[in-house]
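Student: Based on the sequences and whatever the hints tell you, model everything.
Number of protein chains: 2
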Amino acid sequence: MDTAFVPSTIEMPAPPTAGEPPLELDIEELQRHMVVTRRKVRAGQYLYRNGQPFHALYLVHAGFLKTCELSQDGREQVTGFRMRGDLLGVESIGLAVHTCDAVALEDSQIWELPYPPVLTACLHIPELQVRLSAALAEEIRRDRSWMLTIGTLPAEQRVAAFLLDLAARLARLGFSARHFILRMGRADIASFLALKHETVSRALSHLEQLEYISVLRREVKLLDIAKLSACAGMPRMIQ
Amino acid sequence: MDTAFVPSTIEMPAPPTAGEPPLELDIEELQRHMVVTRRKVRAGQYLYRNGQPFHALYLVHAGFLKTCELSQDGREQVTGFRMRGDLLGVESIGLAVHTCDAVALEDSQIWELPYPPVLTACLHIPELQVRLSAALAEEIRRDRSWMLTIGTLPAEQRVAAFLLDLAARLARLGFSARHFILRMGRADIASFLALKHETVSRALSHLEQLEYISVLRREVKLLDIAKLSACAGMPRMIQ
DNA sequence: ACGCCGTGTAACGGTGTGTAACAGGAGCGC
DNA sequence: GCGCTCCTGTTACACACCGTTACACGGCGT
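For the record, the sequence lines run as chains A and B.
FYI, the numbering used here numbers position 153 of the first sequence as 153, with every residue one higher than the one before it.
In short: position in the second sequence from 1, add 1000, done, that's the numbering used here.
Hints listed in this document are in silico derivations from the structure and should not be mistaken for laboratory results.
Idealized CB from N, CA, C, for every residue including glycine.
Do not rely on the hints blindly, as some may be mistaken.
Stated by the list, open to error - Here are some chain B residues pointing at chain A (derived, C-beta under 10 angstroms): (1) R1131; (2) M1147; (3) D1165; (4) P1235; (5) R1236.
What the hints assert, rightly or not - In silico DSBU-like links for lysine-lysine, alpha-carbon gap of 35 angstroms or less: (6) A:K196 - A:K227; (7) A:K221 - A:K40; (8) B:K1066 - B:K1221; (9) B:K1040 - B:K1227; (10) A:K66 - A:K221; (11) B:K1196 - B:K1227; (12) A:K196 - B:K1196; (13) A:K196 - B:K1066; (14) B:K1196 - A:K66; (15) A:K66 - A:K196; (16) A:K196 - B:K1227; (17) A:K227 - A:K66; (18) A:K40 - A:K227; (19) A:K40 - A:K66; (20) B:K1066 - A:K66; (21) B:K1066 - B:K1040; (22) B:K1196 - A:K227; (23) B:K1040 - B:K1196.
Tutor: Next up, the structure:
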């Protein structure tokens, strides 16, 4: 029935989908206007770092990454987990350098879209401009949705919301929404949810006691999606 | 020395600045490509509401507004306070309807930029496209910076960061950075910082005891900016 | 085998929240 | 102007959620 999310490596082919993701189509069109390269990033390596020259946007082809916001006094905050189809680097548009870090959590493949050539391409392909603007706006909405979750839900409900969001995104990519392996550790989940890792661990254990989920290290099975959804708080109004 | 931030009303002229804000120049240019109207919004009225058709971006000419994210189960989260020069509505680009609320906290004046005509104008004015993209990216950075603050700082430091941010933005508009009137209540500040309003009140009182600030209802004086800055945590690395 | 790191759990305590009470100011009607 | 109502803000006290501290265990790399 449910197929487990197997660890993806460089050797694994991109998962088959009913159709190519929309931005995937654009790669071919973009290649007619500029040099688009595909990059491999090993687990633990940075795709880009805060302070590095900003010269491209990055479209995830395969793999899993996290983005982090950093403060001058050493604080760090995970701001998102990125997977196939996600566009990275947009937050630095308009600046000379990147303003955050992007790290691969597993071996990944990334399309590198040079900037400003992407912007120039927008002039020639109005559809691309619409797409880019929409992608930026979607990024804003996603962040806002998490701000709502973090600002208004207690710890366990945040964790539930996190699992459901991850499950939904994996399902969109053709993976199982009920059985998957977390590609990030408890500390990263915690940072993302403005919690401490012990709290994440406790929340997972309690959700398991409730039999909403089964969890063993990084393997997660969602056992009762309805109950978990009720626990997670309802999503943003209209979407 | 310090001039107090006087309550702005419809009758008050926009404050004088050394130069017009960059986006202000674009209004004149935009008007050559589309109908740009100036709208008045009374305190307490909505500029737009979640679920309403999305047909424009909004540039604040004068006044003060808040944006709110809403959930289906009634939770609400203030996501920002907007003043002159701020662009609103960008989070809904790509959708048919607005995804959040924008409410005027005082009588305000707003430039209404019809969308998609703005997008079409970008094709004719590449500089505008650069500006719009940069504005969207700046919105993302701003939200991320607050996520870092909320995710890594305790309550009192969040409040300090909030005051400093507000002071800096007011200063940029030509107002005093040391003596101003808050246009929002404690509850809104609290929502924005993922706190409760009592906690905000307590933090303000304590900062006053420390003689970092003086606060009386909505009137705030920053007495020791250095101490307050040290309290607020250092900002995002490189900006 | 050893060391390091991530995960998981428990105990304790502190920070922030919830509740209640109160004060003061604004707005409205007479 | 006065009185009343409502809203906003402050403060005290109680409590619980989550952070802190500590430790054990398992997996992985050398």
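Student: Look at each hint and say if it fits the structure.
Tutor: Hints versus structure:
Against a cut-off of 10 angstroms between C-beta atoms, the interface hint on R1131 of chain B holds, since the closest Cβ of chain A lies about 8 angstroms away. The criterion of a C-beta within 10 angstroms of any C-beta in chain A is met by M1147 of chain B, whose closest approach is roughly 6 angstroms, and the hint holds. Because the beta carbon of D1165 of chain B sits about 14 angstroms from the nearest beta carbon in chain A, more than 10 angstroms, this interface hint is broken. Against a cut-off of 10 angstroms between C-beta atoms, the interface hint on P1235 of chain B holds, since the closest Cβ of chain A lies about 6 angstroms away.
A cut of 10 angstroms between beta carbons decides the hint on R1236 of chain B: the least distance to chain A is about 6 angstroms, and the hint holds. With a C-alpha separation of about 24 angstroms, the suggested pairing of K196 of chain A with K227 of chain A holds against the 35 angstroms cut-off. A threshold of 35 angstroms between alpha carbons decides the hint, and for K221 of chain A with K40 of chain A the separation of about 30 angstroms falls inside it, so the pair holds. Restraint check for K1066 of chain B and K1221 of chain B: satisfied, since their Cα atoms lie roughly 22 angstroms apart, inside the 35 angstroms limit.
With a C-alpha separation of about 39 angstroms, the suggested pair K1040 of chain B and K1227 of chain B falls outside the 35 angstroms cut-off, and the hint is violated. Between K66 of chain A and K221 of chain A, the direct Cα distance comes to roughly 22 angstroms. Compliance with the 35 angstroms bound is thereby established for this hinted pair. The hinted pair formed by K1196 of chain B and K1227 of chain B meets the criterion: a straight-line CA distance of about 24 angstroms does not exceed 35 angstroms. Under the criterion of a C-alpha separation no larger than 35 angstroms, the hint pairing K196 of chain A with K1196 of chain B is consistent with the structure, at around 20 angstroms.
A C-alpha spacing of about 30 angstroms is found between K196 of chain A and K1066 of chain B, which places the hinted pair at or below 35 angstroms, so the restraint holds. Taking the CA atoms of K1196 of chain B and K66 of chain A, the gap is about 30 angstroms. The hint holds against a cut of 35 angstroms. The suggested pairing of K66 of chain A with K196 of chain A holds, with an alpha-carbon distance near 17 angstroms, which does not exceed 35 angstroms. Pair hint K196 of chain A plus K1227 of chain B holds up; C-alpha atoms about 28 angstroms apart against a cutoff of 35 angstroms.
Between K227 of chain A and K66 of chain A, the direct Cα distance comes to roughly 28 angstroms. Compliance with the 35 angstroms bound is thereby established for this hinted pair. A hinted pair counts as satisfied when its Cα atoms are at most 35 angstroms apart, and K40 of chain A with K227 of chain A does not qualify at roughly 39 angstroms. Restraint check for K40 of chain A and K66 of chain A: the C-alpha separation of about 15 angstroms stays at or below 35 angstroms, so the hint holds. The suggested pairing of K1066 of chain B with K66 of chain A holds, with an alpha-carbon distance near 30 angstroms, which does not exceed 35 angstroms.
For the hint pairing K1066 of chain B with K1040 of chain B, the CA-to-CA distance comes to about 15 angstroms; that is within 35 angstroms, so the pair holds. Simply put, K1196 of chain B and K227 of chain A have alpha-carbon atoms about 28 angstroms apart, close enough for the 35 angstroms limit, and the pair holds. At most 35 angstroms may separate the alpha-carbon atoms for a hinted pair to count; K1040 of chain B and K1196 of chain B meet this at roughly 32 angstroms.
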